[in-house]
Amino acid sequence: MKQKQKTALIAYIFILPQIIGMFCFILGPMVASLVISFSRWNLVDTPQWVGFENFRIQFHDPLFWKVVLNTAYYSLVSVPLGIVISLGLALVLNQKIKGVAWYRSVYFIPVVTPMVAVALVWSWLYNPDFGAINTVLNYVGIKGPKWLSDTTWAMPSVIIMSIWKGLGFNMVIFLAGLQDIPEQLYEAAGLDGADRWHKFKNITLPMLSPAIFFVMIMSVISSFQVFSQIYIMTEGGPANSTNVIVLHIYNLAFKYWKMGEGCVVGWVLFSIVLLFTLIQFGLGKRWVYYER
Amino acid sequence: MFEPKKKEVILNIKQMRVIIKKLFTHIFLFIGGLIMLMPFIWMISTSLKEPGAVFIYPPQWIPNPITLGGYIKAWTFLPLSTAYLNSFKITLSVVGGTLLTSSMAAFAFSKLEFYGRKLIFIFLLATMMIPMQVTLIPMFILFKNIGWIDTHWPLIVPHVLTNAFGVFLLRQFFMTIPDELLDAARLDGCSLWGIYWKIILPLSVPALATLGIFTFMAVWNNFLTPLIYLDSMEKFTVPLIVSACQGLYYNDWTLMMAVGCSAVIPVLIVYLFAQRYFIQGITLTGLKG
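One line per chain: the protein sequences are H and E, in this order. All letters in the first sequence, in the order written, are residues 33 to 324 by the numbering used here. All letters in the second sequence, in the order written, are residues 4 to 292 by the numbering used here.
Don't read these hints as lab results, they were simulated from the structure. Every residue gets a Cβ at the ideal spot worked out from N, C-alpha and C, and that includes glycine. Be a bit skeptical, because a hint or two may be false.
[Unchecked claim] Here are some, though not all, of the chain E residues that point toward chain H, as calculated from beta-carbon distances under 10 Å:
hint, residue
1, 105
2, 137
3, 161
4, 167
5, 243
6, 278
[Unchecked claim] Residues of chain E placed beyond 10 Å of chain H at every Cβ, according to the derived structure:
hint, residue
7, 65
8, 74
9, 85
10, 151
11, 175
12, 188
13, 206
14, 208
15, 209
16, 242
Work the whole structure out from these sequences, hints included.
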């Protein structure tokens, strides 16, 4: 065998595990998921082909639309807010002060901890009668709401906790991006008479835009998949005010054994994520600035 | 006599401004840091309280007396030690396996010539965009049919065999290894496997460590897939025990917080030792991504 062919053969062997994985655990199941979404199956009886019935059931189910709306609510609030706060933190941290590494480490701690443990302690913090949050509010004379038990406040409670947990991650990315911006740009702008706001708007933001773009895409994709904290803190309640897409899939498939409908919602999730990502890439061409 | 004094005064105002700004910055960051840590402090504090001391108002910050009752209950009522073993077993298997398969694939994509290299790589990368919830149900059905439910296999095998992120990360890194090194090794009669094993891998320890740490964290903290695949408590991973104790002992906050602390502490220890790999890894992906 020629050397080139031998190399190619070995290359194929080297990529084989990942290729097998890709077909068995991603592509295959995706096709299967589509097929199952057209059938009624509870894993016990034999599956029955029902065409678009599952789609019809879900799209006419007010709960389906509620979970989509809730998920959008969660995403549209937690992502921008999280990005703004972590960018702010990164800007503050980017000044040459002692202990930057310390602060960075501390702010990153919530990121590495298991979501379930964090969700649990925050449930306790949100306790209306004995939780730390309402206690502190009491000190300043505010009677705090019932947080996780209140249909209006449950989702904001989850959002606050999620932002808190994710801050460090984006902050580290922005910090690295900020530290890559050459000092000369700011100096030159200063010589031309630019003030702080101008420097931020015309140097910092454009130079940071690739990082912001990356963070936005990752954050949106993961925010649509929110699950663990909701499962622990509210189980979707009260009155489905915090029920989200993935929890809905979980309930449909593993509580009610409606595999077909679960797959339908799974594909809806994928479509939403795909759509948002494509939109962001399209818009990104306009505002993301790449240094050549 | 007048001029020097004026200069001094202006310098002092400027210096003062800088000092005040630095002070405010520190105060701001310090408060922020407290906010980041406060829930954990509260978790530890509650776990060390006596059950009666939990539901008093106003709540105590420092327990009096400090008791390990919560931890004793946590470790005896629940199979926490088994859960630790399970989590370690799963996590280390995945880390080892995924480092191997990802680096192999990354080596091929970065250093070897073969038909379809670019296309297959792009295809692989595209799979990163697919949310795992789409494949969740068919995977469950697949594993049910081959009898893997309530075992640890579904938590190990798919993760080891599908890691587009790892392949991407390592490929970026491998591309920085000069081809001349490989050519020289070839001339010395080294096989491709030898090059991979004796040259590429040793040179890539930082990147491998970073990927390993990230994978460790992701697998240890994982909740949804263990929730679906594991039924019996002896098979549970640590996050699952946390969730279980919430169901079983929902009013016993000292127990629950003790479990929570037990879940968080090993992760924190790993983090303390491996901090720079985290930061390194995130900045690598954030800027090249």
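Problem set entry | Violating hint indices (sorted, rising) | Checked against the structure, the only hint that fails is number 16, while the rest are satisfied.
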